[in-house]
Amino acid sequence: MAHHRLMLKKIMNISPQQGQEGNNTASGRSLLALLKQFIPLSLSDVAMTLGDPLQTSALSRLSFPQETLAGVGVVKGVAVFLESPIIMILHASTALGGQAKSRRVLWQFTVIAGLALSGIFLFLTWKPLYNWLLLDLFGVSSSIAARGRTAFLLMFLWPFVIAWRRFFQGLLIRAHKSIAVGWASVARLTWVIVTLAVGVSLRLDGAFLAGITMMGAILIEAVLVTWFGLRLGAISILNQQGYSETKKLPQTFGEVTFYYLPLASTMLLVWGARAILLSLIARAFDGSIALAVWPAAWGLLLSIANGTRMIQQVVISAYEETSRRTLAAFVIIVGLSFTLIPFFLGYTDQGLFLLRQFLGNNPSLVNASRPVIQILSCLPLLLALQNTFQGLLIHKGKNWFINLATLVAAILTLVVCGTLIFTRHSGANSAAYGMLAGVIGEIIVLFFALQSK
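The opening residue of the sequence shown carries number 19 in the working numbering; numbering runs sequentially from there.
The set of hints was computed from the structure by calculation and includes no laboratory data.
All values derive from a computational prediction rather than experimental measurement.
The beta carbon of each residue, even a glycine, is placed where N, CA and C say it ideally should be.
Take every hint as true, because none was put in to throw you off.
List time: in silico BS3-like cross-link candidates among lysine-lysine, alpha-carbon distance up to 25 Å:
hint : residue 1 : residue 2
1    : K119      : K195
2    : K414      : K266
3    : K416      : K119
4    : K54       : K195
5    : K266      : K416
6    : K119      : K414
7    : K119      : K266
Distance ranges between label pairs, derived from CB positions:
hint : residue 1 : residue 2 : range
8    : A164      : H443      : 25 to 31 Å
9    : Y365      : V433      : 25 to 31 Å
10   : E339      : G378      : 47 to 53 Å
I would like the entire structure built from these sequences, with the hints used as guidance.
So this is what it looks like as structure tokens:
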């Protein structure tokens with residue numbers, strides 16, 4: 019822990035004297051205050067990603083579980099890739115929401131980008147294009163492609179709804195109304211649980227159940243964060259806050275586009291690499307089972323590790339008014355706390371029991387998933403460091419360095435995974451080692467980027 023604190027303090031580029039000054043000037047935010055801001059935001063992200071493991075558990079109890087999990091996993095990968103350019107709308111909204119002109123232009127950008135991406139999604143639902151995408155590009159079997167098509171048809175508005183939701187989430191965070199984001203996520207999670215429970219009891223088609231569960235969840239959350247924003251007067255609060263750096267903020271459509279471009283391209287790299295990763299997994303010697311195992315195991319791990327992701331928003335919003343020591347302690351506590359969960363699942367008998375329950379007591383899925391969880395058990399701590407460094411770079415306006423680090427991560431992930439797969443290693447395990455190498459490589463690049471002047 020001391021090592022991590024030293025590294026975090028070093029990347030903030032402060033001498034002992036400066037650190038003391040920082041502590042004096044930024045004593046307004048305590049560790050407890052940071053945790054109070056972080057917990058509802060973390061709840062939002064956990065609720066968002068908890069849907070995937072719950073859905074996996076439900077689909078594993080319906081007909082054709084392996085084909086359905088694989089088909090829905092590939093389709094969700096395509097959906098998130100099409101969503102990826104607007105994922106960082108949340109960060110942009112948090113950063114630009116304090117200035118009225120920037121906020122209005124960002125909303126215009128959000129609507130245009132979201133509708134354009136949904137238009138592309140709709141175009142890809144055309145059967146010849148869909149078949150080319152899944153059969154030729156991803157290399158999945160015809161049975162897996164057929165199982166995923168229903169969910170794909172139901173999800174064409176996915177990018178627009180995600181963009182809309184993340185814009186208003188950012189405004190609520192900026193207005194210090196994070197608890198509203200958390201409540202919207204609770205409603206989303208409630209929808210997921212109820213829909214999946216009803217679907218399993220009625221023995222609905224797995225792909226249809228997945229489609230209505232995912233689309234209904236994000237639509238409910240988008241409506242609620244918009245309602246909370248209006249109800250709580252988020253815009254009025256932001257207008258009253260004022261902003262001392264107004265001249266530095268982008269205030270035209272072109273300026274917002276240029277500001278947002280490195281953030282969008284960062285996510286395109288992340289999710290583009292993960293889409294290619296699925297294509298590599300499909301070509302492993304155990305491709306059919308690996309395509310079912312990887313989304314299931316990765317979704318479970320991500321639902322845990324994403325609990326640390328909102329560290330980035332806390333760093334962006336609280337950096338100037340928080341001592342560096344407090345910020346470092348906050349990051350380490352959050353990272354280590356979430357890391358305990360995959361260690362428990364991967365290395366204890368009680369964890370194995372829970373894993374069996376999660377995967378519907380399917381021995382093939384359980385035996386193939388556990389090594390993936392063991393390999394990536396340190397993922398939450400790594401993502402805590404990654405999001406801290408990204409937040410500091412965004413705060414300093416060094417967005418392009420984030421893009422560079424992501425490019426390095428994508429290359430490492432695909433090279434390591436591809437090398438292992440083409441030397442006859444398990445597809446899911448190869449993907450896990452690739453992701454681990456990519457995240458570590460990204461953290462190293464981010465660390466050195468923070469040292470640059």
